[in-house]
Amino acid sequence: MNCQDFESNVEGLAREEIMEASVRAEALAHGEGCEACARRLDEQRSLSFKLRALARETNSAKLPPMGNDLLTAFRTRQAATNRPATITSRHYRAVVAGAMAVAAMVLIAIAVTVIRSRSVTPAVQSRPNSSGPKSLPPTEIAVVTPDVSTPQSAPLPDKNSGRNGRSVAGKNRHRNMNPTVVPVQSTADISGKDVAAKETPTSITSDSAAEITTDFMPVGYASATTLQDGGQLVRVELPRSALVAFGLPMNVNRYEEKVKADVFFSADGMARAIRFVQ
Amino acid sequence: MLAGDEEALAALYQRRARDIFRFALQMCGSRALADDVTQEVFMVLIREANTFDAARGSVNAFLMGVARNHVLRRLRRERFYVSMEAESQADTAQNVSRKTENPLDDISRTETIESVRKAVLALPERYREVVVLCDLQEMSYLEAAEVLGCAVGTVRSRLHRARALLIEKMRPAEEEEAVDVKSARCFA
Numbered sequence: 001m002n003c004q005d006f007e008s009n010v011e012g013l014a015r016e017e018i019m020e021a022s023v024r025a026e027a028l029a030h031g032e033g034c035e036a037c038a039r040r041l042d043e044q045r046s047l048s049f050k051l052r053a054l055a056r057e058t059n060s061a062k063l064p065p066m067g068n069d070l071l072t073a074f075r076t077r078q079a080a081t082n083r084p085a086t087i088t089s090r091h092y093r094a095v096v097a098g099a100m101a102v103a104a105m106v107l108i109a110i111a112v113t114v115i116r117s118r119s120v121t122p123a124v125q126s127r128p129n130s131s132g133p134k135s136l137p138p139t140e141i142a143v144v145t146p147d148v149s150t151p152q153s154a155p156l157p158d159k160n161s162g163r164n165g166r167s168v169a170g171k172n173r174h175r176n177m178n179p180t181v182v183p184v185q186s187t188a189d190i191s192g193k194d195v196a197a198k199e200t201p202t203s204i205t206s207d208s209a210a211e212i213t214t215d216f217m218p219v220g221y222a223s224a225t226t227l228q229d230g231g232q233l234v235r236v237e238l239p240r241s242a243l244v245a246f247g248l249p250m251n252v253n254r255y256e257e258k259v260k261a262d263v264f265f266s267a268d269g270m271a272r273a274i275r276f277v278q
Numbered sequence: 001m002l003a004g005d006e007e008a009l010a011a012l013y014q015r016r017a018r019d020i021f022r023f024a025l026q027m028c029g030s031r032a033l034a035d036d037v038t039q040e041v042f043m044v045l046i047r048e049a050n051t052f053d054a055a056r057g058s059v060n061a062f063l064m065g066v067a068r069n070h071v072l073r074r075l076r077r078e079r080f081y082v083s084m085e086a087e088s089q090a091d092t093a094q095n096v097s098r099k100t101e102n103p104l105d106d107i108s109r110t111e112t113i114e115s116v117r118k119a120v121l122a123l124p125e126r127y128r129e130v131v132v133l134c135d136l137q138e139m140s141y142l143e144a145a146e147v148l149g150c151a152v153g154t155v156r157s158r159l160h161r162a163r164a165l166l167i168e169k170m171r172p173a174e175e176e177e178a179v180d181v182k183s184a185r186c187f188a
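So the protein sequences, as listed, match chains A and B. If you read the first sequence in our numbering, its first letter stands for residue 1, the second for the next number, and so on. If you read the second sequence in our numbering, its first letter stands for residue 1, the second for the next number, and so on.
Bear in mind the hints are in silico, worked out from the structure with no lab data behind them. Mixed in with the good hints there might be a few duds.
Unchecked claim - Mimicking DSS-like on lysine-lysine, the simulated pairs with C-alpha atoms at most 30 Å apart in a straight line are:
{"id": "1", "chain 1": "B", "residue 1": "Lys169", "chain 2": "A", "residue 2": "Lys258"}
{"id": "2", "chain 1": "A", "residue 1": "Lys62", "chain 2": "B", "residue 2": "Lys169"}
{"id": "3", "chain 1": "B", "residue 1": "Lys118", "chain 2": "B", "residue 2": "Lys169"}
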């Protein structure tokens with residue numbers, strides 16, 4: 001064994017490690033023959049001796065007892081582990097915040113809906129007034145069955161009767177009521193699904209409320225039974241002299257002006273009744 | 001202990017706390033800091049016992065690894081503070097000398113131990129920990145490697161270097177002076 005091999009084993013010798021007997025014997029033999037390696041071995045043994053002394057001195061130090069903090073922490077940890085899964089404070093806060101957010105969104109949605117509904121309703125009601133009767137086409141027709149059997153003096157129009165042209169026609173057909181002005185669009189337009197068509201009855205009510213009509217007066221000699229089949233009501237303009245023909249008074253100063261009238265045509269296309277509109 | 005048995009915790013403390021305390025005391029030289037580290041190690045064990053994997057090492061290696069991390073952290077944190085442990089160590093030395101029959105031998109022994117302690121504490125941390133584990137705690141190279149998380153060869157080489165540094169630090173003052181004089185003659 002040379003000095004380099006001894007250097008690699010000197011620590012094992014000094015620390016009294018377990019090593020092969022042959023290697024140990026060769027290292028000790030080299031140490032006896034080499035002064036530098038012998039000195040090196042002595043230094044290492046001295047260091048090991050001092051380190052053992054330090055270790056023994058440290059071992060005599062009193063170990064701190066297991067404090068109550070450790071036991072308390074252990075019990076707390078075990079209690080937390082054995083506790084069933086519940087909502088922790090962080091989760092609770094998150095859940096509360098989420099619920100509040102959802103509630104706020106629902107309230108906002110409800111408020112928006114209410115505001116929209118309130119803003120739409122006045123617009124629908126005010127639209128007929130803004131458009132006026134002139135927006136209606138001149139050939140507005142409706143299927144009605146006027147009662148021409150008993151012509152009477154011109155009454156004021158019934159506001160409640162003109163809310164819906166189609167319903168008015170139905171009611172008049174079944175109850176045989178006196179028809180009033182029903183300036184409605186065709187039945188196809190009434191049955192439309194758009195909003196404008198739905199708003200039409202409101203405008204009709206407004207138009208009918210603005211007009212004053214006479215009762216229907218028969219034209220010719222048609223019987224009431226032949227008129228049960230229905231027909232078409234046509235708005236026309238006639239000379240004011242037509243009022244005289246039906247026995248109504250006429251203002252002579254306005255004889256050149258036209259007068260509006262609703263002429264009822266039966267299913268066979270014959271004019272059966274007429275009423276004058278102011 | 002994972003099942004909540006306090007007696008198991010107490011038994012584990014009695015069995016392992018001494019090694020941890022000794023390691024911390026030898027690494028930092030402060031009894032108060034060693035007490036704190038020992039408590040912290042077992043607090044970590046209580047909080048994170050489920051992180052222990054038996055396949056990666058023994059319980060002792062796990063605890064010593066945690067203790068090492070805490071010691072190094074505390075040493076770096078308290079690097080700029082001056083230790084007042086010297087007075088308590090002097091008291092301990094006086095107590096030891098009072099208990100023995102031969103005061104002179106005891107004083108010499110105490111001085112030797114103090115010099116070794118100072119030399120160990122003066123080592124760099126990576127050398128100090130291998131000396132503490134292998135020489136003071138009498139662990140094998142393999143166990144020390146598990147604690148330090150390095151290879152066995154690294155432990156051997158670090159220990160070799162650490163012992164050389166210790167010998168150099170503990171060389172008698174007379175020899176150093178002689179060397180200085182000798183070198184002075186050479187220069188002359």
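Just to be careful, I want the Cα atoms of Lys62 of chain A and Lys169 of chain B compared with a cutoff of 30 Å; is the pair within it? 29 Å, holds
Straight-line alpha-carbon gap Lys118 of chain B to Lys169 of chain B, limit 30 Å: Given pair Lys118 of chain B, Lys169 of chain B holds - Cα atoms ~9 Å apart, limit 30 Å.
Given pair status - Lys258 of chain A, Lys169 of chain B, alpha carbons within 30 Å: With Cα atoms ~133 Å apart, Lys169 of chain B and Lys258 of chain A exceed 30 Å; violated.
The structure is inconsistent with hint 1 alone, although it conforms to all the rest.
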